[in-house]
Amino acid sequence: AQSVTQLGSHVSVSEGALVLLRCNYSSSVPPYLFWYVQYPNQGLQLLLKYTTGATLVKGINGFEAEFKKSETSFHLTKPSAHMSDAAEYFCAVSEMDSSYKLIFGSGTRLLVRP
Amino acid sequence: GAGVSQSPSNKVTEKGKDVELRCDPISGHTALYWYRQSLGQGLEFLIYFQGNSAPDKSGLPSDRFSAERTGGSVSTLTIQRTQQEDSAVYLCASSLKGGGNTEAFFGQGTRLTVV
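Order-wise, the sequence lines are chains A and B. Numbered per our numbering, the first sequence spans residues 1 to 114. Numbered per our numbering, the second sequence spans residues 1001 to 1115.
Mixed in with the good hints, there may be bad ones.
Stated by the list, open to error - Computed, partial: chain A to chain B, Cβ under 7 Å: (1) Ser28; (2) Tyr32; (3) Thr51; (4) Tyr100; (5) Lys101; (6) Phe104; (7) Leu110.
Unchecked claim - Keeping only pairs whose Cα atoms sit at most 20 Å apart, straight-line, the calculated SDA-like set for lysine to any residue is: (8) A:Lys68 / B:Asn1101; (9) A:Lys58 / B:Gly1100; (10) A:Lys69 / B:Asn1101; (11) B:Lys1097 / A:Lys69; (12) B:Lys1057 / A:Asp97; (13) B:Lys1011 / A:Gly43; (14) B:Lys1057 / B:Lys1015; (15) B:Lys1015 / B:Pro1061; (16) B:Lys1057 / A:Gly62; (17) A:Lys58 / B:Thr1102; (18) B:Lys1097 / A:Val19; (19) B:Lys1097 / A:Thr52; (20) B:Lys1097 / A:Leu110; (21) B:Lys1017 / B:Gln1050; (22) B:Lys1057 / A:Gln2; (23) A:Lys69 / A:Gln42; (24) B:Lys1097 / A:Asp97; (25) B:Lys1057 / A:Met96; (26) B:Lys1097 / B:Ser1053; (27) B:Lys1057 / A:Ser3; (28) A:Lys58 / A:Val19; (29) A:Lys58 / B:Lys1097; (30) A:Lys58 / B:His1029; (31) B:Lys1097 / A:Thr51; (32) A:Lys68 / B:Ser1053.
What the hints assert, rightly or not - Pair by pair, the computed Cβ-Cβ distance ranges are: (33) A:Arg113 / B:Val1115: 34 to 42 Å; (34) A:Ser98 / B:Ser1007: 37 to 45 Å; (35) A:Gly16 / B:Gln1080: 46 to 54 Å; (36) A:Glu64 / B:Arg1081: 26 to 34 Å; (37) A:Glu64 / B:Gln1084: 18 to 26 Å; (38) B:Thr1076 / A:Gln42: 20 to 28 Å; (39) B:Pro1061 / A:Arg113: 18 to 26 Å; (40) A:Ser70 / B:Lys1097: 27 to 35 Å.
FYI, nobody ran anything at the bench for these hints, they're computed from the structure. As the structure is a computational prediction, the values presented were derived from the model and not from experiment. Think of the CB as a built atom: it goes at the ideal place given N, C-alpha and C, for glycine as much as any other residue.
Chain B extracted, bound-state conformation (with noise of 0.2 Å):
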């Protein structure tokens, strides 16, 4: 597709349930993004692929948080057991490279509400 694209664009779930986000880059992009936004904490950064590796999840809030890449392309947020916290817009960006100076392109974000 011509830009990044992420689904679903809302999810609501229930506290203790998994869930799934998706995100599809811009075909070529080897560098990967997750973030995530919250009216609390503002932007943060969760996770960073390159190609299939992921050598920074430093921003990942607790071991119920994982990601995975596949064919260096799609990628998915999982979150295991939710809780009202995780509640927020959860960002995902590509870019050609992963360079300082390259450019990062957003998704629209997937809007996730825990009940």
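Bound conformation, chain A alone (with noise of 0.2 Å):
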């Protein structure tokens, strides 16, 4: 079964300095990738999405991630934080079965300091 684990339930940056969330995950194939956000009382809306070919993912909010295959992670970046961004994160990898359901890393908040 494939795991997803994400260093750092919390995370604290000031206003306008660089955001890394860390996701690694294990996989005995290539996997699909992905970076949730969650704010309070919503849903989860998906960030950005690696299935295959570029391996620096582009996403929505100026938020990029790179797959790295030989360290098996997927960190999630972003170079100038916002107020705004001050929400839960998720990575997810599907599962690679018929399902292709999503198995999730317990969640980083991060917390933006002004």
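Using the hints, put the two chains back together into the complex; each one sits in its own frame.
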């Protein structure tokens, strides 16, 4: 079975600073990888995904992530944090069976200090 | 509708009662998923529908949990004889065809509290 590990349940950055949220996965086959964001009392919104092709993936709101097979990582970055980025972020891998259900990490809550 | 709709948004029930949670997926989406989000367990997969059939029920935690989907559209998740550990946010998601590279769109969830 596949699994996802997100290092750091809470990450705090200053407004304007670099955002780095870490995600490592375990998969026996090339995975499909996702980052979702959840704002308070809302559902999950897709930030970006990697399926095939270019390993650097750009998403919404200035976020990007790089798939590194050798490191089994898919870290999420943003050059300059905004107050509106404060939310919980989930990394997920798609189970490579007929359901393609998502296996989620435990989430990282991003706090942005003014 | 424009997105995935779930009802009710909040539900408080007494221990031992049955509850039904409803999900209206995006029109035309054949794949539908239920997930549960709780403090101790994070986001867990419950069940997957393709059309009206459920080829993957592996995440249902006990036989008190069941789900159905009718007309390839609306899905209902039923929890019988609710327990306090069932308290969680239940999220529904739909996607166009269920492939791994197909985006899943999530509803806002139903917050279930069992007292």
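Evaluated hints:
1. Ser28: Where the cut-off is 7 Å and the nearest Cβ of chain B is about 14 Å from A:Ser28, the hint is violated.
2. Tyr32: 4 Å, holds
3. Thr51: Constraint on A:Thr51 satisfied, holds at 4 Å.
4. Tyr100: With a closest approach of 4 Å, the A:Tyr100 hint holds.
5. Lys101: 5 Å, holds
6. Phe104: A:Phe104 check passes; min Cβ-Cβ to chain B is 4 Å, inside 7 Å.
7. Leu110: Nearest chain B Cβ about 16 Å off; hint violated.
8. A:Lys68 / B:Asn1101: Holds, at about 18 Å.
9. A:Lys58 / B:Gly1100: Measuring from Cα to Cα gives roughly 18 Å; hence the hint holds.
10. A:Lys69 / B:Asn1101: 18 Å, holds
11. B:Lys1097 / A:Lys69: Not satisfied, since the Cα-Cα distance of roughly 27 Å exceeds 20 Å.
12. B:Lys1057 / A:Asp97: 13 Å, holds
13. B:Lys1011 / A:Gly43: It holds: about 16 Å lies between the C-alpha atoms, which stays within 20 Å.
14. B:Lys1057 / B:Lys1015: Judged against 20 Å, a Cα distance of about 24 Å means the pair is violated.
15. B:Lys1015 / B:Pro1061: Answer holds: B:Lys1015 to B:Pro1061 is near 17 Å, not above 20 Å.
16. B:Lys1057 / A:Gly62: Violated, at roughly 37 Å.
17. A:Lys58 / B:Thr1102: Holds, at roughly 17 Å.
18. B:Lys1097 / A:Val19: The hint is violated at about 33 Å.
19. B:Lys1097 / A:Thr52: Status holds; Cα separation ~18 Å.
20. B:Lys1097 / A:Leu110: 32 Å, violated
21. B:Lys1017 / B:Gln1050: 29 Å, violated
22. B:Lys1057 / A:Gln2: Answer holds: B:Lys1057 to A:Gln2 is near 17 Å, not above 20 Å.
23. A:Lys69 / A:Gln42: 32 Å, violated
24. B:Lys1097 / A:Asp97: 14 Å, holds
25. B:Lys1057 / A:Met96: 16 Å, holds
26. B:Lys1097 / B:Ser1053: 13 Å, holds
27. B:Lys1057 / A:Ser3: 19 Å, holds
28. A:Lys58 / A:Val19: At roughly 14 Å apart (the allowed maximum being 20 Å), A:Val19 and A:Lys58 satisfy the hint.
29. A:Lys58 / B:Lys1097: The given pair, whose Cα atoms are some 24 Å apart, is violated under the 20 Å limit.
30. A:Lys58 / B:His1029: The hint is violated at about 25 Å.
31. B:Lys1097 / A:Thr51: 16 Å, holds
32. A:Lys68 / B:Ser1053: Between A:Lys68 and B:Ser1053 the Cα gap is close to 36 Å, so the pair fails against 20 Å, i.e. violated.
33. A:Arg113 / B:Val1115: 34 to 42 Å: About 37 Å separates the Cβ atoms of A:Arg113 and B:Val1115, which means 34 to 42 Å holds.
34. A:Ser98 / B:Ser1007: 37 to 45 Å: This hint is violated: roughly 29 Å between Cβ atoms.
35. A:Gly16 / B:Gln1080: 46 to 54 Å: 52 Å, holds
36. A:Glu64 / B:Arg1081: 26 to 34 Å: 47 Å, violated
37. A:Glu64 / B:Gln1084: 18 to 26 Å: The hinted range 18 to 26 Å is violated for A:Glu64 and B:Gln1084, with Cβ atoms some 42 Å apart.
38. B:Thr1076 / A:Gln42: 20 to 28 Å: Holds, since B:Thr1076 and A:Gln42 (Cβ atoms, about 22 Å apart) stay within the stated range.
39. B:Pro1061 / A:Arg113: 18 to 26 Å: Because 39 Å falls outside the window, the suggested range is violated.
40. A:Ser70 / B:Lys1097: 27 to 35 Å: The hinted range 27 to 35 Å holds for A:Ser70 and B:Lys1097, with Cβ atoms some 32 Å apart.
Violated hints for the displayed structure, listed by number in ascending order: 1, 7, 11, 14, 16, 18, 20, 21, 23, 29, 30, 32, 34, 36, 37 and 39.
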